[in-house]
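J.: One letter stands for each residue in the lines below.
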Amino acid sequence: MRSIIRLVWFDLKHELSPPVWIIFEWAGFALQLYIYGALISQLVTTMTDYLQFYAVGFVVMMTFEIGSHTGRHFVEHAHEGRLPYLLSLPIPRWKLFLAQALQGGTELALMITLPLVVTLAVIGNFTLISVAAAVGTLFWLGFGVAGLMLGLSFIAFKSSDVYSAIVSALSTLIIRFSTVLYPFIFLPPSYASAAFFSPLTYGADLVRLFLGFDPGILLDPRYAVAALAALAVSTLGLGVFLLQRLVEGVKSG
Amino acid sequence: MYAVETKSLSKRYGKTTALKDLDFTLNEGEIMVLLGPNGSGKTTLLLILATVLKPTSGQARVMGFDVTTQSTRVREVLGIAFQEARGFWRHKPAEILRFHAAMCGVAERKRDELIERVLKDLELWDAKNKLFMHLSGGQAKRLEVAKLLIQRPSFAIFDEPSSQVDLRGKRTIWAHILKLREEGSTILVATNEVREAEYLADRVTVLDQGQSVICDTVRRLKDSIAGGDIVELELEGSDTTKLEEELKQIEGTVRLVTLKENQFKAYVSMAEAWVPKMTNLCYKRNARVLSVRVTEPSLDDVFLHFTGRALEAAQVA
Numbered sequence: 000m001r002s003i004i005r006l007v008w009f010d011l012k013h014e015l016s017p018p019v020w021i022i023f024e025w026a027g028f029a030l031q032l033y034i035y036g037a038l039i040s041q042l043v044t045t046m047t048d049y050l051q052f053y054a055v056g057f058v059v060m061m062t063f064e065i066g067s068h069t070g071r072h073f074v075e076h077a078h079e080g081r082l083p084y085l086l087s088l089p090i091p092r093w094k095l096f097l098a099q100a101l102q103g104g105t106e107l108a109l110m111i112t113l114p115l116v117v118t119l120a121v122i123g124n125f126t127l128i129s130v131a132a133a134v135g136t137l138f139w140l141g142f143g144v145a146g147l148m149l150g151l152s153f154i155a156f157k158s159s160d161v162y163s164a165i166v167s168a169l170s171t172l173i174i175r176f177s178t179v180l181y182p183f184i185f186l187p188p189s190y191a192s193a194a195f196f197s198p199l200t201y202g203a204d205l206v207r208l209f210l211g212f213d214p215g216i217l218l219d220p221r222y223a224v225a226a227l228a229a230l231a232v233s234t235l236g237l238g239v240f241l242l243q244r245l246v247e248g249v250k251s252g
Numbered sequence: 000m001y002a003v004e005t006k007s008l009s010k011r012y013g014k015t016t017a018l019k020d021l022d023f024t025l026n027e028g029e030i031m032v033l034l035g036p037n038g039s040g041k042t043t044l045l046l047i048l049a050t051v052l053k054p055t056s057g058q059a060r061v062m063g064f065d066v067t068t069q070s071t072r073v074r075e076v077l078g079i080a081f082q083e084a085r086g087f088w089r090h091k092p093a094e095i096l097r098f099h100a101a102m103c104g105v106a107e108r109k110r111d112e113l114i115e116r117v118l119k120d121l122e123l124w125d126a127k128n129k130l131f132m133h134l135s136g137g138q139a140k141r142l143e144v145a146k147l148l149i150q151r152p153s154f155a156i157f158d159e160p161s162s163q164v165d166l167r168g169k170r171t172i173w174a175h176i177l178k179l180r181e182e183g184s185t186i187l188v189a190t191n192e193v194r195e196a197e198y199l200a201d202r203v204t205v206l207d208q209g210q211s212v213i214c215d216t217v218r219r220l221k222d223s224i225a226g227g228d229i230v231e232l233e234l235e236g237s238d239t240t241k242l243e244e245e246l247k248q249i250e251g252t253v254r255l256v257t258l259k260e261n262q263f264k265a266y267v268s269m270a271e272a273w274v275p276k277m278t279n280l281c282y283k284r285n286a287r288v289l290s291v292r293v294t295e296p297s298l299d300d301v302f303l304h305f306t307g308r309a310l311e312a313a314q315v316a
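If you're matching them up, the sequences are chains H and A in order. So for the first sequence, numbering that gives the first Met the number 0 puts the first residue at 0; every next one is plus one. So for the second sequence, numbering that gives the first Met the number 0 puts the first residue at 0; every next one is plus one.
Calculated directly from the structure, the hints in this document are not laboratory data. It is possible that part of the hints are untrue.
[What the hints assert, rightly or not] Below 20 angstroms or equal to it, Euclidean Cα-Cα: the simulated DMTMM-like pairs (lysine to aspartate or glutamate) are:
1) H:Lys12 with A:Glu94
2) A:Lys91 with H:Asp219
3) A:Lys127 with H:Asp10
4) A:Lys276 with A:Glu235
5) H:Lys94 with A:Glu75
6) A:Lys276 with A:Glu295
[Unchecked claim] A partial selection of chain H residues facing chain A, derived with a Cβ cut-off under 8 angstroms:
7) Arg81
8) Leu86
9) Ala164
Glycine included, each C-beta is placed from N, C-alpha and C at the ideal position.
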């Protein structure tokens, strides 16, 4: 366990001194919520307090983007030449993979904390248990997305262009075709069918359920729990498998 | 048991074959130098042994552990200094070494003292708090070597350990590699620098196009070249025509070239055996030897002899 913590901390301490990137993320969230969110919530009249719905959605979007960053980070390691070094360290591959995922999780925790607190303040009606459940859901979603992106990152060892194209397309589709910004019951049938395939749908609706939103506008939480568990387990499992079986540091003569 | 053993080891990248059915052994406590031009498969072999790359086919064992099925055990006994030290742009040398020492299980109480000593030995002490991205190429290379000097693994791999390093730095690195061997490590060095190979090697494996061309001690490799030693001699007097014919008949003479009337250049197999025979002959014929100069072949000549290409030319190709 100490080797995993060392690996995580070795990179993380540099990103925290000074923590400019975290402050920028928080500033971005504040601007998005208090300018765009406030405006759009005035235009949406079919829902009361759309701002609350929007705030949760934006936190879920941030979770997705930070999880994606973990996969990109791994690809950067490969292209900067650090991956061969990491692969030569005297630790099992699964520990290396877990360290990458945990680093993503820690970054997620650091970036999400303040936006989540603000979101809770906007909602204003929650219990300690509901908040804990919502945080747990976000982490589980973050792990799943990080696993997905780490799994996809192996494409980048063949072609970083193909990887970038796939991740961009996937991110666009996963965010847009989800219930992050729109309640499920208001979606047109074709759009709703697509939303079933987005992990963000399950993440967003489960967090909203725990934070006291009307269950009538959300997906059945049993589906959400099952989908998120399946996502995290399958993608992290796939990532470990690929790392052990396929990943190689560099091509050289 | 060999420290390293490969059997029919092959590695392909798509249609390119980097290693082709390589059989290779390395004895415990030995320094083996892999000599070959860029693209000859040296780095690929090192990375397979370090479990960074996976072989396409064949077997490789390090200290008895299979690199494919027991990769973690392999990594526990080896350390590798990569050809290019990269990827830690925002870290400082001291913290990179501290991290490496901790990951490799160097006892905490010894770490700082050991790091200080190695940084000073490799003239990196003044740069210990510079960001990695601000180090010169030579400093970054020395830092890469420093990792192994701190780790002191049973099996140490150095990929071109002194490239980009100045002459004094090269000598320091070579001295430390030799010391590491004295302390019990088995060492594998890949290089395309003939001087480095001659300085370090107990044995040299010449690699070309993914295959081992020959493997032996430096001395034997040089001796194996017929006509590889060159003896330049100058005799007294002007009429040496008859003697010239007799010099050509000495056992081991491959070719004799007349430079001037009384100056010759002899290409011989083993100069140490040929020169006494030559002086005996001259003594019998009352021909006084004014000067003798012996030059032996370099490993570049060895490479040329066994591959048909000069090392430098192969590099360009």
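J.: Tell me the hint numbers this structure goes against, listed in increasing order.
T.: The structure breaks hints 2 and 9; every other hint is satisfied.
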